[in-house]
Each structure stands twice: as C-alpha cells, then as structure tokens.
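J.: Residue numbers (the numbering used here), protein chains in the order written: chain A, 5 to 235; chain B, 194 to 564.
Some clues are possibly wrong.
Stated by the list, open to error - Just a few of them, taken from the derived set where beta-carbon distance is under 7 Å, the chain A residues facing chain B:
| hint | residue |
| --- | --- |
| 1 | Val18 |
| 2 | Gly21 |
| 3 | Leu81 |
To be verified - Simulated restraints, written as ranges between beta carbons of each label pair:
| hint | chain 1 | residue 1 | chain 2 | residue 2 | range |
| --- | --- | --- | --- | --- | --- |
| 4 | A | Asp195 | B | Asp216 | 54 to 62 Å |
| 5 | B | Leu339 | A | Ser220 | 47 to 55 Å |
| 6 | B | Leu339 | A | Arg168 | 46 to 54 Å |
| 7 | B | Glu292 | A | Gly139 | 36 to 44 Å |
| 8 | A | Leu68 | B | Glu348 | 35 to 43 Å |
| 9 | A | Ile71 | B | Pro332 | 51 to 59 Å |
| 10 | B | Leu289 | A | Asp162 | 20 to 28 Å |
FYI, nobody ran anything at the bench for these hints, they're computed from the structure.
Idealized CB from N, CA, C, for every residue including glycine.
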Amino acid sequence: MAGAETPELAQSAVESGADLIEIGFPFSDPLADGPVIRAAAERALAEGMRTERCLECLAATRALVDIPLVPMTYSSLLEARGYVRFEEEARSAGATSLIVADLPIEAEPGLRRVQLVAPTTPAERLRLAAERTDGWLYLVSVTGTTGTRDSLSSQALDLVARARDATNVPLLLGFGISTPEQAAEAAAHADGVVVGSRAVQVAEEGPAALHDYVQSLRTAIDSATTSPSRR
Amino acid sequence: MTIGLYGPYGGRYVPETLVPALDELDEGWREAWADDAFRRELDELGREYAGRPTPLTLAERFAPGKRLYLKREDLLHTGAHKLNNALGQAVLARRLGKERIVAETGAGQHGVATATVCARFGFDCVVYMGSEDMRRQHPNVERMELLGAEVRPVEFGTRTLKEATSEAIRDWITNVETTHYLIGSCVGPHPYPEIVRELQSVIGLEAREQFLEAEGRLPDAVVACVGGGSNAIGIFAGFVDEANVRLIGVEARDAASLGDGRPGVLHGARSSLLADEDGQVLDAHSISAGLDYPGVGPEHAFLRDSGRATYVSATDDQAVAAFKRLAATEGIVPALEPAHALARAAEVDAELVLVCLSGRGDKDLDEVLRR
Numbered sequence: 005m006a007g008a009e010t011p012e013l014a015q016s017a018v019e020s021g022a023d024l025i026e027i028g029f030p031f032s033d034p035l036a037d038g039p040v041i042r043a044a045a046e047r048a049l050a051e052g053m054r055t056e057r058c059l060e061c062l063a064a065t066r067a068l069v070d071i072p073l074v075p076m077t078y079s080s081l082l083e084a085r086g087y088v089r090f091e092e093e094a095r096s097a098g099a100t101s102l103i104v105a106d107l108p109i110e111a112e113p114g115l116r117r118v119q120l121v122a123p124t125t126p127a128e129r130l131r132l133a134a135e136r137t138d139g140w141l142y143l144v145s146v147t148g149t150t151g152t153r154d155s156l157s158s159q160a161l162d163l164v165a166r167a168r169d170a171t172n173v174p175l176l177l178g179f180g181i182s183t184p185e186q187a188a189e190a191a192a193h194a195d196g197v198v199v200g201s202r203a204v205q206v207a208e209e210g211p212a213a214l215h216d217y218v219q220s221l222r223t224a225i226d227s228a229t230t231s232p233s234r235r
Numbered sequence: 194m195t196i197g198l199y200g201p202y203g204g205r206y207v208p209e210t211l212v213p214a215l216d217e218l219d220e221g222w223r224e225a226w227a228d229d230a231f232r233r234e235l236d237e238l239g240r241e242y243a244g245r246p247t248p249l250t251l252a253e254r255f256a257p258g259k260r261l262y263l264k265r266e267d268l269l270h271t272g273a274h275k276l277n278n279a280l281g282q283a284v285l286a287r288r289l290g291k292e293r294i295v296a297e298t299g300a301g302q303h304g305v306a307t308a309t310v311c312a313r314f315g316f317d318c319v320v321y322m323g324s325e326d327m328r329r330q331h332p333n334v335e336r337m338e339l340l341g342a343e344v345r346p347v348e349f350g351t352r353t354l355k356e357a358t359s360e361a362i363r364d365w366i367t368n369v370e371t372t373h374y375l376i377g378s379c380v381g382p383h384p385y386p387e388i389v390r391e392l393q394s395v396i397g398l399e400a401r402e403q404f405l406e407a408e409g410r411l412p413d414a415v416v417a418c419v420g421g422g423s424n425a426i427g428i429f430a431g432f433v434d435e436a437n438v439r440l441i442g443v444e445a446r447d448a449a450s451l452g453d454g455r456p457g458v459l460h461g462a463r464s465s466l467l468a469d470e471d472g473q474v475l476d477a478h479s480i481s482a483g484l485d486y487p488g489v490g491p492e493h494a495f496l497r498d499s500g501r502a503t504y505v506s507a508t509d510d511q512a513v514a515a516f517k518r519l520a521a522t523e524g525i526v527p528a529l530e531p532a533h534a535l536a537r538a539a540e541v542d543a544e545l546v547l548v549c550l551s552g553r554g555d556k557d558l559d560e561v562l563r564r
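Next comes chain B alone, as it looks inside the complex (with noise of 0.2 Å):
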C-alpha cells in the first residue's frame, strides 16, 4: 500500500466497495483544499456561525507558578472542537452532491457537531452511538434528536464508539452511493486522517498567533488529550515544525492505545490499538466516554515512533481531580477528555504552557457527581 501513509502507519484497510467511494473523496477533497472558494466559505462559517477565533485563557490559580493557558474550543459553538471539521466535511459532502450523512459518536460531541451541521445544511442524518454510550451521555442523545437526528443504538460487543464506528462503516458500505461517512477524529482509512487533520489545523495556526501575541514567544510545550486524537492533531500542527515546542498527548490510562499498543489494523488503517497478538482488538476503558477507544490516529503513532511527540496517560480519579480543579479555581468546566490533558500539564516541567481545553463538561456532571 503506498497511499496515506505516516511511516508504517495509516493506508486503507477496507472492503472493496468503499476504494472508489474513498478514491472519489480523495480527489474532491484535494480539488476543495486547493479552492480559495472552499477556504473562504469555512473560514466565513467559522468566523459568523461557529464563533471562531475561540480565545486564548491565561489560567494563573489552576497553574500557579506557570504561564499555563488554554485553548477555549469549549466555547465553541456546541462546546467542543469537533464541529470544526464536521463544518468542512459538510461542505465537502455538499460538493460531491451527497444527501445522507453517516456518523459515529461516543461521548456524543461529534454526533451533536453532526447532528448541527446536518441540520444547518439539510442533509438526512444518522448517528451510530453505543447503547452505553448513550446511557452516560444522555443529554447529547436528547440534543441530536432535537437537531434532527435519528441516533441508533449499538446494543453489541462493547456497546462504545469502537462498535459504533463499525455500524457506521457498514452503513456507508450499503448506501455508499448517496451517503458521506462524516467520521469524527483523525482515524479511518486514507484520506480521512489527513482530511480531519486539516480541518482542525485551525485551532493550532489560531493557538499559535494567539500565544506570540499574549507572550512574545512560542510555548515550551503543547498539551492534548488522546482518544482518536483530533483535537491533538489539530493543535499539534500549529507546532509541529517547531523543534523547541514539546508535544505532549495524554491518553486514559486504559485506553493507551499508544502507550501499550502494538501494531494492528482497525477501521481502515493501520496503526497503534490495544490488541492481543492474535490481532484482536481489545477492550478500552475510561470514564471518559471520548477516549475510550483502543485506536489512534496513524499520524500519531507516527510521531511517537518519530519522538516528535511524547504520550502520557492519566487515571480516571486524576482527570476527575483536574475536571473539579478547574471548575474551582478558573470557573471554567472541561469536558472529562481535555481534563486528562489539564491532569498532566500542572506537572510538565515548563514554564510556558498551552493546553487544548477541547471540549466543555456539562455532558458530564452527572458522571462525576456520581462518583
């Protein structure tokens, strides 16, 4: 295979009624990304419904003793980053004249940021989410179904965004012809890594502008947390060039698909899982319904083997901790996934300090109240 590829990793593992479905979203893709009219149309939606640029947050109580600063894409327009690329696919699935949309979701932020889309743009549309899934996230089932929606449940296997990806992808196979499978992270087979990787760029070309502005200089590290690793990804490409600024992603400590994978295939590519050596993919685990997934992005597995970046893990009690700190000391609530970032960034020895505060955690209270 020698398309999509990060080192090793990345390419396309799918049943062959998707390779001409692929190839065809390959070269709109390619002629969109290339069209200013394209570029303008996002930035203009970014700007006017999404409320873009989101702002750069000093957090000197959550961080005392450090320049410490969030990335607010919890401010977004439905609190988290997903909707900057479930913006673009619909704008991509608008050129190549489909009427159906496709998605998965677990914590239910991209099925919302779909949902959101699809409704802005008149699309038909379908979330798959685990039955699990559903029951710690209730109110994000209540809002797709409020934006027109249809959610159908994932009663099998883990009953987690690992099975609902599956469904998703079986559902793209049999209606390929009218359907876009508007994946959520930075996973799935070639081109959908780069193409997610692209729509969110936006939050680390912004973070980058931002940060020069407030400090004069360029972070000493960048912190993010790690499930498919979209929000990572786009924060990451602001820096990635920048050989002083450590990239610092941070997995659920039983989710570590980088920290304690090897090497396998799921959902179309290659790259990092949590699998057994027969190659069977294994359980995730967190209280974070977003990072319990036992894949990553290809390009992520890239950049560990390539050292570029380092991953780290933190416990569901540490994020829990970070979750409540923040709350306390910033009055800002995070989503249970960015507070395993804000976990790890307190401790990263550096004094200049960005965090992508990927998402907001009303969906969560009612899990972390519980405990």
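With the rest of the complex left out, here is chain A (with noise of 0.2 Å):
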C-alpha cells in the first residue's frame, strides 16, 4: 500500500528477489480485498494517501528500483481524474501498467492495464482477457478476496491449466498466496506469483523483515522452477 516508506520498501524487496512490485493506491470501499488490505487501505487514507500523493511515492519507488511497478487501484479514482488522465500521470510517474480490481474486461477499453480472470471466468471471457491484457495475465486463484489461506486451492491449477490452453502470454498467480510452500508450488505451474497481504503484514515491520520474507519465497521459487517437475 502506497506510504512514505514504500520507497525504502520496494528497494528492499527488490534486493532479496522481488521482479514486480504492485503498489496499493487506496480505496475507501475495496470490494475485492479482504481485511489486511482493507484495513492497510483505512490506514493509508487516514494518513492522506490520495491520488497526488500517491503519484508521488511512486515516482520516489521509480528513482530507487528498476522492475516493473504496477499500481493496483478502483475504478472510482480513475472516474474522478478521467481515465485518460490517471492512466497518463501514472505511467509518467513511472508505472509499467495499472491493475484495477473492479473493472470488468469490457469495461474503458481504451485503458491499457493487466486483466484479472477468475475461477468463474468462461474460456471465451478469459481469452478476451488475453487479448486485451498489458504484459501478463493476472490470475485469481480463488473465488474470494485478497487474503492468506492455509492452502494453494485446485481451483487455481484448474485455472492455470485453462489459460495456458487460452493464451500464450505469461501467467501470474496471486491471492491467498502467501508461504514460500505455495509459492513454489504456485510457480511449478505458472510464470510467476504475486503476494499481497501477507507481504503488507510483514512489511508493517520494516525492510528487513520483508528483505527476509522476500528472499524466502525468491528461494522457493527458484528450487521449484529449477526442478525437473516443472511442467
């Protein structure tokens, strides 16, 4: 989630491994988040994270770091500024795409971003999302919000497989992600991992916590992808 220190953050992350950063612009009504990004985003807000500012830190990440930052947001700032203008000032403040949770495929067109696809998503809705998406493909591992689960759902193979049978554009795996064991295994399956509110949690304690948090699920990653089980 966006913040002052989410510059010092993002640099920490990327020396233990991180390849993609997704920063949290905050929303005061996030439909898709469970309660650790809720109450991350409530706290943001109090802190007076609005658009500008929030331009702003990314701009600061974008100074330290050189992988792709990816804002991650709600329709409803994009329908205050313009979509036009939003998607302008975000890239320009260094953005490589934007994610925005409650925008359906269809939707805005005109906005390059990273679609979302579900475990409901049909295999005509999910190739749409292929063809529109910017970069890579998010995949929703479960029916649900953001939050940490105990365990990788099959519905989340069950999707990867569906997509790779879609598209050929990279799949990354995110929600309910959130211990290098899932990230291993989400890996042997698809192209990358995202994790969120586990990371927000750890990064409450400061770059080094999230430096070791990173660095074991960069671990992780690398022996399962490195293994012969790979598919």
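Both chains are given apart, each in its own frame, so use the hints to dock them into the complex.
T.: Structure (structure tokens):
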C-alpha cells in the first residue's frame, strides 16, 4: 500500500529478489480485498494518501528501482481523475501498467491494464482478457477476496491449465498465496506468483523483515522452477 | 460498458469473479419476469402472504387544505416495502438453484424481510449489519435471529450500511456458486437496479389505480424518501410516464447523494455519490439508518439529470417533527425514513399529493424518544 515507507520497502524487496511490485492506491470501499489490505487502505487514507500523493510515492519508488511497478486500485479513483489523465500521470510517474480490481474486461477498452481472470471466468472471457491484457494476465486463484489461505486451491491449478489453453501471455497467480511452500507450488505451474496480504503485513515490520520474507519466497520459487517436476 | 445503463449511470464495476454470476442472474431474471407462472406466484405470495394490495389512506388532519394520501407499505407483512423485493428475489434464487442467501441491512427492515423469506422458503441466511446500526435498531436484530438468520456485525469503517453492503458483496464473491446476493435497494451492478425497480413497481401500479378510484384523476405530486431509493423508484414507476405528475424524492440532509453528490463508483455501479475530488467515498449522516448511505440508485441520478424527478432534503429535526405529527394527527407511527418524505410533502405546492409511507416506526421509537 502506498505510503511514506514505500520507496525504501520496494528497494529492499528488489534486493532480495522481487521481479515486480504492485503498489496499492487506497480506496475507501475495496470490494475485492480481504481484511488485511482493507485495513491497510483505511490506514493509508487516514494518513492522507490520496491520488496525488500516491503518484508522488510511485515516482519516488521509480527513482530507486528498475523493475516493473504496477499500481493496483479501484475505478472510483480513475472516474474522479478521468481514465486518460490517470493513466498518463501514472505512467509518467513510472508505472509499467495498472491493475483496476473492479473494472471488468470489456469496460473502458481504451485503458491499457493488466486484466484479471478468476476460477469462475469462462473460456471465451479468458481469451478476451488475454487479448486485451497489458503484458501479463493476473490469475485470481480463488473465488474470494485477497488474504492468506491455508493451502493453494485446486481451483488455482485448474485455472492455470485453462489459461494455458487460451493464451501464450505470461500467467501470474495471486490471491491467497503467502508461504514459501505455496509460492513454490504456484510457481511450478504459473509463470509468476503475486503475494499481497502477507507482504503488506511483513512490510509493517520494516525493510529488513520484508527483505527476509521476499528472499524466502525467491529461494522457494527458484528451487521449484529449476526442479525437473516443472511442467 | 454498454449494459444496464441509465444515461451515464449504472453498469457493472465489480471484480471479474462476479461477472459470470451477474450474467447468470440477468438471464435467469429475464426468463422469470417473462414467465406467467413466476408472475402468478409473486401475485399470490403478495396477496396471501404479504397482505397486498396495501391501502391508500387520506391524511386530512395531517395535511389540512390538501388531499394528501398515504400509500400504506407500513401495513405490509414485516412492516415495510422491503418485502416486495425480498419475496421476488427469493423466488428467483430458488429458480437459479441457490441454497444460501446473503444480504446487507441498514435500518434492519431489509434484513428482516430477507430473514422472513429465507424462513418461508428454507434458505440459509446471513445478514451483514454495521455494529452502529445494530445498536440503534436492536429490535430488528432480535427479529432476524428469531427468524433463523445469522446476523454478522461489521465492525470497521462507518459501521453502517455502506460497510455492511461491502461485506455482503465480499461474502458473495467468496460463495458465489451456492449463494444469491439479495440486495435491498435499487443499487449495485446491473441487473440489480432493474430487478429491484420491477419488483417494487407494484407500489406505484397499485397506488395509481387506487388514486384514480379515490379522486377520479392522478395526483399532482408523488413524494417518497430516498436512501438507496427503492420505495421511491417503486412508487415513481406508476407515474413516470405521466408528464403532469411531479415526482419528488426526499433525501436526508447530510446523506444527500443526489443533492450534494458527484459522479463516482460504489458497490458495483456508477451513480451520484457523496465523494471527495479523488473519488474516495465520504460518510453520510442521518438519524434514519435506512437513509444513512452515501450512494443512490443509478436510475435516480438519471431522473435527476433529465429533470423528470426533483430531489430535496429534510433534516433530522424535520423528520422527527413529521414522525410525531403523523402519530398525533392520524394515529399512524411512520418509520423515520418516510418521515423525511412527510416533512416535505406537507409543504408541496399542490392539492393532490401521494406519499409513499414505506414502513412503520416501531423500530425507531427508542431513537425518537431519546432525543
């Protein structure tokens, strides 16, 4: 979640092996988010993290790291600023793309963004999402909101298989992944893993804690993707 | 976005997980609404279970010098118009093969209506309610539990209807295969605003017939309170095509999404919202839990822009005064929500006035007497 510490946290995550960073631009009513991200958004808004300051935070982060940076937010922020202006300002502040959690695939076709698909998404919508997505496809591993789960769902692996059939774009699996074991299992199937809620929790303990956590994920993912069991 | 639009309002702004469920709901709804058997079942439930048609009552002592009529949805089973929508969506959910229902509630009237139909049809029922609303509408919490519903408190944010709605939608996202989300007002993603409008249109269609019978002509003005706007959209439905009938919606002064709002996205639809310049939704404030909501149905935003309906507001004090006056002059205790409509209806410059008395006030006695 965007905040004063974001640039330093991002740098620490990159040093320990993150390939991409999602930066939450908080919204007051985040329907796709579970308790951890919702509470983080509530705190960020209380600290005054409105769109202008989120863009400044993005630019400050971009000054420190070279990997892709992707703001994740909700359509109300884009409605308020104008979709075109929001995208222009985000990209000129260093955003590689955008994720808008409550904007279905067919909405706002002019807005280049990473599309999300879910276990409930039928094949024809999967293909449409892959056609329209900006760089990679975000696979939502569960029917549910963001937040840690005990294990990777069977829905997740099924969704990866269906997405592979539909497209060649890189597939990143997210929602409900928090432990190195889950990350390794996910990485054995998908092209990448997105960790949100747990990373937000660890980041609250500071850059050193985030460094160790990201490193544990990196190690687990690397060993899973170099092992012969990779599909 | 090209579906479910009211001018620039409405549409679907939801996580992708829900889109196939909304498509299924849209198709199921269209088939049901075109099916005579479905319509017959709703008519029969309305008559034999809910108590339709509700009467039209002339309020001569409340509004001397006018012919002011009350459409008595307060006399409907469970005490508010919410049951019209809950019954229709329950029959629809059964058609769709769902076994579990989730809902949000503010004042508790929609929660009670939902718990009631779940008891009647044998659905598992979970109702989300802000902890602040549970405090001020405690009798309704007890009613819902008696009816077999699980009432889940929502302890964050405003602790009112806005957060309860978000939590109900999150539950639906998580349990979408088995669960129908029984939304309580004409808000939310397409097709919900349309479903709720059609199911509540019975208020306006009945009132139109009754008014013609009583007065031999249509009213000059139709007045209803607007939170999300379901009783208003229902009574307006009987008159919206009659250009000579004025349609007036009454919001709570500090929850006036139409009077003070700007375009924005909340709970799945684009509408007029209380929001800041960055699109962050602001808190609404009202003595009436049912009007304490920063959004409004997209069709109301469209009716406002087109000029077909006008929207005014009433303060907490004005609503409480009207609440007490209707009790003292007519022997009818209204809910605080329609008390807002009553407060402004008495001063409308028209002779023949129809007011939607959307619910009864037992639930509000503590709140009013404490002041």
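J.: Would you mind marking each hint as holding or not holding in the structure?
T.: So, going through the hints one by one against the coordinates:
{"no.": "1", "hint": "Val18", "verdict": "29 Å, violated"}
{"no.": "2", "hint": "Gly21", "verdict": "29 Å, violated"}
{"no.": "3", "hint": "Leu81", "verdict": "5 Å, holds"}
{"no.": "4", "hint": "Asp195/A <-> Asp216/B: 54 to 62 Å", "verdict": "29 Å, violated"}
{"no.": "5", "hint": "Leu339/B <-> Ser220/A: 47 to 55 Å", "verdict": "50 Å, holds"}
{"no.": "6", "hint": "Leu339/B <-> Arg168/A: 46 to 54 Å", "verdict": "51 Å, holds"}
{"no.": "7", "hint": "Glu292/B <-> Gly139/A: 36 to 44 Å", "verdict": "40 Å, holds"}
{"no.": "8", "hint": "Leu68/A <-> Glu348/B: 35 to 43 Å", "verdict": "37 Å, holds"}
{"no.": "9", "hint": "Ile71/A <-> Pro332/B: 51 to 59 Å", "verdict": "56 Å, holds"}
{"no.": "10", "hint": "Leu289/B <-> Asp162/A: 20 to 28 Å", "verdict": "23 Å, holds"}
This entry does not satisfy hints 1, 2, 4, going by the numbered hints stated previously.
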